[in-house]
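K.L.:
Chains as they are written, first to last, in the numbering used here: chain A, 7 to 157; chain B, 9 to 383; chain C, 3 to 338.
Calculated directly from the structure, the hints in this document are not laboratory data. Among the hints, erroneous ones may be present.
Not everything, but these chain C residues come out facing chain B in the computed CB check (under 7 Å) [as the list claims (entries may be wrong)]:
#1 R37
#2 I192
#3 L298
#4 T303
SDA-like cross-link-like pairs, simulated, lysine to any residue; straight-line CA separation at most 20 Å [unchecked claim]:
#5 K152/A with R41/B
#6 K67/B with V146/A
#7 K67/B with G68/A
#8 K215/B with K312/C
#9 K67/B with V34/A
#10 K111/B with E45/B
#11 K67/B with E139/A
#12 K130/A with E70/B
#13 K130/A with T182/B
#14 K330/C with T168/C
#15 K152/A with G64/B
#16 K67/B with V154/A
#17 K152/A with H71/B
#18 K89/A with G137/A
#19 K67/B with V33/A
#20 K215/B with T168/C
#21 K152/A with E70/B
#22 K67/B with A13/A
#23 K130/A with E45/B
So these bits of chain C aren't anywhere near chain B, every CB distance computed over 12 Å [what the hints assert, rightly or not]:
#24 A5
#25 A10
#26 V28
#27 K65
#28 Y177
#29 G184
#30 F186
#31 P196
#32 I282
#33 W293
#34 D304
#35 W321
#36 M323
Just so it is clear, CB atoms sit at the ideal spot from N, CA and C, and this is done for glycine as well.
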Amino acid sequence: MLPDVTAVRSLLSGVAEAEAECTSLGVVVHASSGDAVAILAALKSSEFDFAVLIDLLGTDLGDRVEITYHLRSFTRDEDIFVKSSLPHGGTLQSASGVFASALLPERETAELFGLVLAGHPNPKRLLTTEGQEPLLLRSVPIRTVKEVRDG
Amino acid sequence: MSPRAAEHVEHTATGRMVFDVGSQHPSTHGLLRLAIETDGEEIVSAEACLGFLHRGIEKLGEHRRYHQLPTLMDRGDYLSGIHGELASALAVERLRGIEVPPKAHWLRSLLGEINRIASHMAWYGTFGRDAGVTSHFFYSMRDREALLDILEAVTGQRMTFNYVRPGGVIADLTVVAESKIRRFLRTFDAHLDEHQTFLGGNELLQKRLRGVGVIDRDSAMSLGLTGANLRASGVPYDVRRDRPYAAYSELEFGIPIGTTGDAMDRYLVRIEEMRQAARIVRQCIEGLPEGAVMAKLPKALRPREGETYACVESPRGELGVHLVADGSETPRRFHYRAPSLFAIAALEQMLPGTLLADAALLVGSVDIVPGEVER
Amino acid sequence: MNALLSSALHASAALVLVLLNGVVLVFMLRRMIGRMHLRRGGLHAGPGGVIQTAADVLKLLSKEGTRPGGVNRWVYAIAPMAVFVPSLVAYAALPFSETLRITRLDTGLLFTFAVLSVVPLGVIAGSLASASNRALIGAMRVVARQLACSVPLLLSVLPVVMITGTLDLGDIVNYQTGLWSGAFPRWFAIPLLPSLAIFTTAALCGLDRTVFDIHGIEPGPESGLAGEYSAMRFGLLCISEFGNVFVISALAVTVFFGGWTLPFVPLDLQSSIGPVVFLIKTYTLVFLFLWTRSVLPRVRTDQLMDLGWKWLIPLSIVWIMLVGLVVKASLPGTVV
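The shape of chain A in the complex, shown without the other chains (with noise of 0.2 Å):
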């Protein structure tokens, strides 16, 4: 289930300046907003064989957004998290062209959070129509039960 910290930092180290933990969550990469891309190719080539980018979301930290990917390596059964911050209507880097399973989160990412998308090969909206507010950042409210019966 979790890889080894030790065996991660060493791989890492001649990639980007990243620091790897093991928390509540797992092993966790905590990378720079431009080096995540890098880490996501490096950890997918290495000998741990991450070759699935399960999930990826986004996570508003007040401050800024963190974006977090969660790969899985099948053959050795484990789990790595990668984790950038960006700032709010910031650029998100695709990773489409490392894991072709990011086009569709990627996308609802950048939507929900306000963020923009670079390198995608085809960065529209998915879930919310044009001009929507980004939904998911916490400065969006939700309506409560009044205001959503006085209209």
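Using the hints, position chains B and C against chain A.
P.N.:
Leaving out everything else, chains B and C in the frame of chain A:
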């Protein structure tokens, strides 16, 4: 001009046609719109246009207590509500460190498998409709009806169950429900053989499915496919076996895998999964332990700050819930991995190059539920 | 005047027959498929489900006919008639008994095939007029299918013509009266079994309500021609489809199953019950056609083309040669 038209017949040059399939169309299994561009009968490109069912489940989850998350997950993949509930309950339990009584584990497996058969039956019915058969649909609905009846007897609901909660399940198995399950198990294997002979044993259907919509092992992995779609491509990965949850570590079941990854393999894998699911149901009914079904929990759950990911094997693949807690009564971030989302991406890659006549069949073969994709 | 009146009566009789036949087939379909599909509702509306059929007919008649925007008005309105009329005319040469038939044609067999092959014209006209790419692709498939299946359909009955030496449907039936070696009915279905097999397969391709229903209205992204039609215009297309099932079954009965005749029954009795026998035989075949429709999946266009052009046509040509050799060898110098 199409490359196929001869040079000298410029006036009869063929143009490309755009078919807007959906959003309301019997072959789209919900509200999925496919913009398909064709050159004659051949599909040149396909794009899925989503969003018709976006209800903001993730956003709502951030404003709900941890107890309430399963209720939201029911509305995601509405064909297999138990699995959604289970994934969110597992995530909360992992985050808070809740010990679930053994009987609840077994009931979760039991209901999960019953729900899996019900969901696969709905897929089986609609998939055959895509191939142009009608009769089998009503037989699949007959079996699904029996299963929904069981689910109703246990949970009180036919589709949005709200049954699995953090800490266990809300109700024990009643005598009536148990006898209903036993009655169902008596006939199900024979019914499944009947289904398999009728549809899968039909040579016309086999000819249509063999070699169509092939996803090889590598592209299945790079597209992030899970569940039956991945196993049909020859990757023997099943969350139930590889990361056991509920009572699966104590249960015996086989994991069917395919070889070529074409539509026929996906069909066969799902049919065999139903058989294995019935086997698990039988074991659960026999081995159900005694005891409580719900752990004692405070009214409001306040997990410590942290993050977790819990996944289950839903009928459509790996359904994972990613929770970020900030120490309050509501999650900071509630996200779920929808296996159908990745199947739709695979569909976009798979459709170009095939015939328009196969489009509906391929949409059916990857078994998507738009409600789950669009959150 | 008398001749005019007589032909007018014949024509209206044919029309009533076609419409009634449509109703009867809807009733059959409801009951049969109701049983097969576990859809019991239709079986219990009124005695034997009669009210259900009445409701179906009333619904078709009373629905508002809508016309989508952007269609070519005239062609759109005429096309259902252009599909319906040939199906109606195809009844003309069918011999219900020795005497009961709408008209007697020396080339009855050829006439029926010729008329049925006009149907695709109406289909393609309607689809072009509908201004819908779905209808167009559906209609293109119908035409491709008709081409692939009407040729083997026609070739498959040639051996019968070679043996009997006539195209008159009545004479073909008369040829089949009596018994072979006192035990087997002299039906062509027995010696010409391959012909019957080719005929049935090709007929399944040609009929809309079957396995080869590739332009179907239902799940495919491309609905057939009928997709853009509503109310009675749709009803006409529907009745035409039903009518074609009946005509093809009636042809099969006439050519391969001895038409209105029955073996082991005295001749004078046969003439009185002839039409009943004919209808019973025909509806039995119709039942078989509808049965396949409800249990088998649809065949893809290219597979159907393969079947028609690469299998049925060569097979029927080889079979015609074989039958020709046998006919020539057994009766040198003459056609029977």
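K.L.:
Any of the earlier hints contradicted here, and which numbers?
P.N.:
Per hint list: 1, 2, 5, 9, 10, 12, 13, 18, 19, 20, 22, 33, 34 violated.
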